[in-house]
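S.K.: In numbering that gives the first Met the number 0, the protein residues as written are 0 to 231.
Any given hint could be a false lead.
[As the list claims (entries may be wrong)] Pairs of lysine-lysine, DSS-like flavour, derived with a Cα cap of 27 Å:
1. K64 / K12
2. K12 / K210
3. K170 / K12
4. K215 / K118
5. K12 / K96
6. K12 / K215
7. K96 / K170
8. K64 / K96
9. K96 / K118
Hint data in this document are derived by calculation from the structure and do not stem from the laboratory.
Remember, it's a predicted structure, so these values are computed and weren't measured experimentally.
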Amino acid sequence: MSQPRIIGIGGLKRSGKDTFARILAEVARERGLAPVILAFADPLRQAAAAAYGVDMASFTDDASKDSVCDAWGITYRQMLINLGEAMRSTDPDHWVKAWQRAVRRLSKTRPYGEPDLPKLVLVPDLRRVNEVQAIHAAGGLTVLMRRPGVEWNGHETEVLAHLAQHHDDAKAAALGCQYVGEAALSLSYTTQDVYDVAVDNPVTVDAQATKDDAAKLRGQALVLFSDIVGRR
0 MSQPRIIGIG GLKRSGKDTF ARILAEVARE RGLAPVILAF ADPLRQAAAA
50 AYGVDMASFT DDASKDSVCD AWGITYRQML INLGEAMRST DPDHWVKAWQ
100 RAVRRLSKTR PYGEPDLPKL VLVPDLRRVN EVQAIHAAGG LTVLMRRPGV
150 EWNGHETEVL AHLAQHHDDA KAAALGCQYV GEAALSLSYT TQDVYDVAVD
200 NPVTVDAQAT KDDAAKLRGQ ALVLFSDIVG RR
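Generate the whole structure from the sequences, applying the supplied hints.
M.R.: In structure tokens, the structure reads:
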């Protein structure tokens, strides 16, 4: 089986990363690919569920993550933070490596009777420079989701997406990045752009999406799909 094609999707919270990943998955299925949504956080969620003896579903949405687990007296979000930071303190690339192993498993021999369809891996939580590097090293494409009305909440995991929309040389340098032009989207590491392409979500925050909005997002997904397929 061939190596999967990969698209990493970054952006601020509520920019529409998961929505766009689902649209891309739909487009991929229509064109004979087997899409798999595999977040960088998935290996961490699995490890935290095992370490704390809780259901992995507790880590899937904000409401669940911010509730307190009676057995441990901390939120499920704090469990992720505790384990995530503990492993990064010994190896900053630990969770990237865990994700890479999960991607490699997708390339192994398929179960008997399963169609040998080329895989498309969609990563809806691209947040860190080492994650960007991992996707580019695998020949993948990185996307920045932009949406009117979405603002940076100040959290470090969203600073990369913020810097690609608001030029700040000092903050970029702190991440080992720099701008190669005046535009914020020119944010780069070494000689590679952090984001290969930007996708504009036409739906303002808290507004109801229209059929026209959905068509615009789908149109951008079609263009992006053609790009990633054309790379192989």
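S.K.: Taking the hints in turn, state whether each one holds.
M.R.: Hint check results:
1. K64 / K12: Between K64 and K12 the Cα gap is close to 15 Å, so the pair holds against 27 Å.
2. K12 / K210: Given pair K12, K210 holds - Cα atoms ~23 Å apart, limit 27 Å.
3. K170 / K12: Given that 27 Å is the threshold and the Cα spacing comes to 19 Å, the pair holds.
4. K215 / K118: With a Cα-Cα distance of about 25 Å, the restraint between K215 and K118 holds, given a limit of 27 Å.
5. K12 / K96: The given pair, whose Cα atoms are some 24 Å apart, holds under the 27 Å limit.
6. K12 / K215: Distance of about 20 Å is within 27 Å: holds.
7. K96 / K170: holds, 26 Å
8. K64 / K96: The given pair, whose Cα atoms are some 24 Å apart, holds under the 27 Å limit.
9. K96 / K118: holds, 19 Å
Of the numbered hints given earlier, the model fails none.
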